[in-house]
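Number of protein chains: 2
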Amino acid sequence: PPFCFSCHATKPNMLNVHLVPHTHDDVGWLKTVDQYYYGDRNDIQHAGVQYILDSVVDQLLKNPDRRFIYVETAFFYRWWKQQSSSMQQTVKQLVNEGRLEFVNGGWCMSDEATTHYSAVIDQMTMGLRFLNETFGPCGRPRVAWHIDPFGHAREHASMFAQMGYDGFFFGRLDYQDRARRMVKREQELLWRASNSLTPPMADLFTGILPNGYNPPEGFCWDQSCDDPPIRDDPDLEDYNVDDVVKRFLTIANSQAMVYKTNHIIMTMGSDFQYENANLWYKNLDKLIRYVNGQQANGSKVNVLYSTPSCYLQELHRANLTWALKTDDFFPYADDAHDFWTGYFTSRPALKRYERISNSNLQTCNQLEILGGPVSRKGPFGDGESQTMKKAMAVAQHHDAVSGTEKQHVANDYARRLANGWQHCQVLVSNSLTALSGSSAKRIYCDNLNISVCPLTESSKKFSVNVYNPLARPVAWPVRLPVNGTSYVVSDAEGKSVDCQVCVCVCVCKRCKLHLYAFSKPYMHDIVHLYFLLKTEYLCVHVLQFIRVTFDPDTGLLSSLSNLETKQTIKLTQNFYWYNASDGNNKESNQPSGAYIFRPNSSTPFIISKTAKTESIQTPVVQEVRQWFAPWVSQVVRLYGDSRALELEWTVGPLPIDDDLGKEVITRLDTSIKTSEYFYTDSNGREMLQRKKDFRPTWNLSQSEPIAGNYYPINSRAFIKDDVDQLTVVTDRSQGGGSLQNGSLEIMLHRRLLYDDVRGVGEPLNESSGVFPEGLVVRGCLRLSLDRPPSAADAHRPLAQQVVLQPLLTFTDGDLHPNTQLEFSGLQAALPPAVHLLTLTQWDKDSVLLRLEHQFQSQESKVNSHPVTVNLELSSGCMYLLMPPVF
Amino acid sequence: PPFCFSCHATKPNMLNVHLVPHTHDDVGWLKTVDQYYYGDRNDIQHAGVQYILDSVVDQLLKNPDRRFIYVETAFFYRWWKQQSSSMQQTVKQLVNEGRLEFVNGGWCMSDEATTHYSAVIDQMTMGLRFLNETFGPCGRPRVAWHIDPFGHAREHASMFAQMGYDGFFFGRLDYQDRARRMVKREQELLWRASNSLTPPMADLFTGILPNGYNPPEGFCWDQSCDDPPIRDDPDLEDYNVDDVVKRFLTIANSQAMVYKTNHIIMTMGSDFQYENANLWYKNLDKLIRYVNGQQANGSKVNVLYSTPSCYLQELHRANLTWALKTDDFFPYADDAHDFWTGYFTSRPALKRYERISNSNLQTCNQLEILGGPVSRKGPFGDGESQTMKKAMAVAQHHDAVSGTEKQHVANDYARRLANGWQHCQVLVSNSLTALSGSSAKRIYCDNLNISVCPLTESSKKFSVNVYNPLARPVAWPVRLPVNGTSYVVSDAEGKSVDCQVCVCVCVCKRCKLHLYAFSKPYMHDIVHLYFLLKTEYLCVHVLQFIRVTFDPDTGLLSSLSNLETKQTIKLTQNFYWYNASDGNNKESNQPSGAYIFRPNSSTPFIISKTAKTESIQTPVVQEVRQWFAPWVSQVVRLYGDSRALELEWTVGPLPIDDDLGKEVITRLDTSIKTSEYFYTDSNGREMLQRKKDFRPTWNLSQSEPIAGNYYPINSRAFIKDDVDQLTVVTDRSQGGGSLQNGSLEIMLHRRLLYDDVRGVGEPLNESSGVFPEGLVVRGCLRLSLDRPPSAADAHRPLAQQVVLQPLLTFTDGDLHPNTQLEFSGLQAALPPAVHLLTLTQWDKDSVLLRLEHQFQSQESKVNSHPVTVNLELSSGCMYLLMPPVF
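So the sequence lines, in the order shown, correspond to chains A and B. Quick note: the first sequence, position 305, residue 305 per UniProt numbering, numbers continuous. Quick note: the second sequence, position 147, residue 147 per UniProt numbering, numbers continuous.
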């Protein structure tokens, strides 16, 4: 691409201060994304992005020296659509001249702790694609810009490096880390963000901004700020030019003390600033004029309008060696008792809904291709995937899936996902009609997680269709609420399935039909996917792989065995709650809130020492149901043929009549000798080693023994010793830690009574809508016990099954005659190491396919090696936007 | 002048809604005028006028349909100075095309209750002159626009009519009056604003705006508002165009019900709005588009960008007869217990300082001419009057002299006046040097009101120079603090004055030298003014004209006699305080505050039933000193040869240890049979009749028996019956009323503990600076007892003497030899009916002279008739901006 940014000249013998005018526009937080765009509900927060872009463009035109960067394509895209073509031309010219520069450029600035890499790649693609198609090479962001996320994931840096960014800037890191780096001048560093990719494939220059992302104190000239403007008319009272210049020089010189080069950066902007850009620019123009005017009097400070790219260019020219970093920036604490580790779990229902929505979207994307154009315009109307793509993209925002938005905004994200899924359902129905030849109405039972499906609960005869979006077979249990107690499962020809695949389990007169569907892969000549209308029903051999025992006195789990490997560990599991600090505390007045986790005591309260249990054994499934309290129960479930034990927990409504905020965990206590180590994934990909009260890059002074040892768990965590590895695969992002030898705890749900003073202004107390008494959340942990060298061979595919799970659709009554019962997009399953990350329509004539190696270096003897995939494409143009990983 | 405003076409068969985008920019209120201009101290109030003008011009250029009006030239002038010539050209074009229209156009929007007409004319001249010189005829405001002042003076309307305005709009009037006018459709009316001028000389069309000066509810689209923007993108949530259009049509149609024509006006703006004009205009553009779009569906509402002039033009075209009004709009109440009659007195010290500053400025102006160019550049340096002119102009603002600003802003106004006077002092010294031939250093004793003058208190020999800015002789007492007890007064030749003109009066070891200076008029061939370096000292005949008696038991005044007319009235005078409501009240929670006067009880507390007295009799002066309390005292003083009795009151610090706010009055109780009538002046000119519990234009329901009967007293009030008229001339604006037969009360000082919730956000509790215990205020009431038919012959010149009082300057030691001791700019005194209102340098080659008839129609048998003045001008161009009154 041509070199589009035109950087102002700097002065080699001076301290060059790069002023970077910018706005930070949350894609939803206190207001919904639409409210932010239009400037609606300014009573909640004054913010209107439409006006920001109007105003910035106007002001850039007034002085060619001025610069601006823009970040969030979700907003820019909307604004762009509403502009006249002459305004669009004007903006293109500003971009081509480097006066308006896009940085980051994703649809949003994603959260780093609670997002799955697949959804992050999708949202980045959406934003970058818009910029590329609209502005060409000059619209390409050259730096990643995560100024607000609350801690930084190594996988994000790895993705940014692989996307071709030249550098990465952020604002938030642990206050101890910052202090050390300031002293050592290591706020600019080289991040080696993968231990699998050969350097420099995942190397990324990383800069830590000096003031978060705010201007230096006293120099905020936005309409939302109260700092004194530059008053340079000597006829008016309080002429303050001398004072302003003096203060600025002091700040610039002290900032230069903690950075390595004779260039420093100042972020001149903040949240939703520049709505009236004139205020900023008018004063910045004056600042530059008056500060540089002092050069005639011997000042050695040179101020200029700049951008992160221009600043980065100067750093590169300095030709220094930067400190190397290989771990990540979690957890983030901005003070001794202020660990931002609560949001790893905040809003667990939203976090799950986002995760399942991603799965549904991938299915929708695949079926859009498999069904052909009729998918988008077919018997069930107009279907499309764009709405859901956008809904998923905004849900990656660092105040969306993170759970740190206001309640009404969380509702809006969920509504968007639901709405997106409605549009996708039409597409899926159209596509399945094309593929099956049957135009029978498809029913979607989106509430199966709470055992609600009106069709299966009332119909005497219905078909279940299973679509598996993975590129390899899965054995997937199907549980359906029914109102009978005995069902016959027949195949398409009407023959009943001849071994035990179907069982009705009734508890308290509510019955569930258990099926066990096995999806075979098939090759297909166009795209590499498979799809099943008819499942093969497994003849189940009970307890082939796993055994669990329960303590008869307590009703708790007592051991877990892998029968294949002949491993057994002691395993006790129970539920506890931490009492959330209300801020009334002599060490600090920090309460627990949407962001912050701060228990009042390091010892959690046990909910019940014993569980009331009930057990069920069938040829298909065995379940032990445990009741701990009216608000905590669990089903320990083992399907035949499964290598993972399911712990399906149900927690809520958390009681608050005692006026105590509660943070509920489950803790697994094992006989594994962990030596204070445990392991968590980074955004669902590579695993990172964690150690209690320890940070790899600095000498930690631990001030919060629980919260300061919590880390994000996106898809899995494990503990291990030389012989045993227990991996827990989660169905959503959660926070967790290992605080004792052999122990692993995961936070499941939080209900808090105080705001944590980070801006959201609401206690995290989810109690609206259908849960007036407080939100009830259900989820599933999947446990796998393996030998460490081969554990990844189990948890990699297991986790992908949870991330991309089969979509069930239903039709009522008899199957239409001539219904084609099975279909696969794949001629054969992909090799075990290869994951089909993306298959989606790109434009009319092309599709986007992303394949990735899903094993980390050295984690599997079998799978951690390069693999070759033969893409036999019969037609179409494969557009590979992202370099495939591996 | 050419017809510069280009009004949008209207539709005769529709309801035309004139949207008037405007900003209301207080020339000081919560912030100082400079802070408002620059947008400094936005922590107090978000407001920055520089940005408003930047933004509005930008936005006007984006769409030629858009309109804007601007009002306060004090701000516009500053902004204009800072613009490039190309921007100035752009703005000129906007003005010439009628897209930017000036309304009102004075330096500020003056207060109407507490301003003196002479200062209002000066400030209007300053603003209109700038507009005229900058923009020519198209810059001429055609409507007066007093949207915020808290009640409206008839004299203001009269001035506006005489200045040539086509109409007058305002926003505030009594809520009962508004309700009645809405029912009768009399919110647009013809104000006949003088009973002296022949109609239509003082007739002014007057329109009352529908929402004060705010937009209709739900339609405020400023950055400071939270109303929903128009969300017209169907892709976004909460598309609201239909709702907005519906709400707007409802409002427009109900507004049309209370006005007469098929045109209505909506003020789309408010305090300091349009700092980011894009928000307003973007939504107004849409509003117009969508509302007018409904015409295709049969809607009969037509919306357009407009200005008050364009709206007025349509009203004129309607050719209707409007209701006639001849009284004024005082007092203003916005609810039953919310009478804005406190500010008539608020900040009495500032009110006095503004009044004396006006006097000093007029002296400065006159001496600038008399002394010639050397006045501005002379032996004492560079002197000028512009600074003081501007300081006086901003002091006329309706939150300046009104006393309704924050304390720090009041301090700023005073500082500006003091600073202006410093510049004028240099000019005066230069001028006096030129006129006298003596370059002796001139000393200005600005603190004589509190008996402080370091020179006279220490020097053994000094000269006093008296400059009388009136165009006729005055006898003016000079009181100087000295440290001796015996002085000889000698004339210029060293001969001691041979009759008793000088007396030292010592009280508590502090002595004061009393002189009695008589200033003779002299004619001069260039300008008609006189000036005295040497005074003639009157040989005083004690008690020629007045006699007062005191009750020996109480020490209070008991009678007042005019010895010439042989009148005697019973007269008791005492001091009282009202307990200010703290808002803790069952009728209303309105407290007394800077704006509002609301006593807790209608019966004031007497401060003391008796006064401790001490009396002094000298040939020059007689004084009875009365002590009522440690915080209330008075000197009743009578000079020989004087026709007025001085009541020099000293009040403060008002005690508040009882936690009660206090509003101190003095009340004169007389034997005059007033029948509930009394009379107050309007801005120092014509007198208006007032009646207790009565309004001339509607049937008053009185809900505040005291506050609802208070009226502004700018310069005088009187009570009378067939034989006696007692006139009280004040030295500043004050509030007062006549609540009992024969009684007149005047509020002197206020100290309040609660804010009155009208925005100022501070209790009126003046206690800073040199008065940490609370402000002490001193002032003087001058009483004149006359026969009603000739009373004006006394009070007109008396009041003018107080408004324009002699300036004393001092030189130390012997006079320089050859000092010219006297000089007059006038060959003879002007006729008694003619007042020299203005004499000031206009530009290099011309001066501005304003003469006015100072008697009201029919108030004087001798003086209330036309008079001819022969202007014998030897040189120069007389520029009469204002039509002379009479």
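Treat the hints with care, since some could be wrong.
The list makes no distinction among identical chains, and a pair is therefore deemed to hold if it is satisfied within one copy or across any two copies.
What the hints assert, rightly or not - Derived BS3-like pairs (lysine-lysine); straight-line CA-CA distance at most 25 Å: (1) LYS720 to LYS673; (2) LYS286 to LYS300; (3) LYS566 to LYS460; (4) LYS586 to LYS691.
It should be emphasised that the hints constitute simulated quantities derived from the structure, not laboratory data.
Original post:
Which hint numbers doesn't this structure obey?
Top reply: Going through the list in order, the structure violates hints 3, 4 and respects the others.
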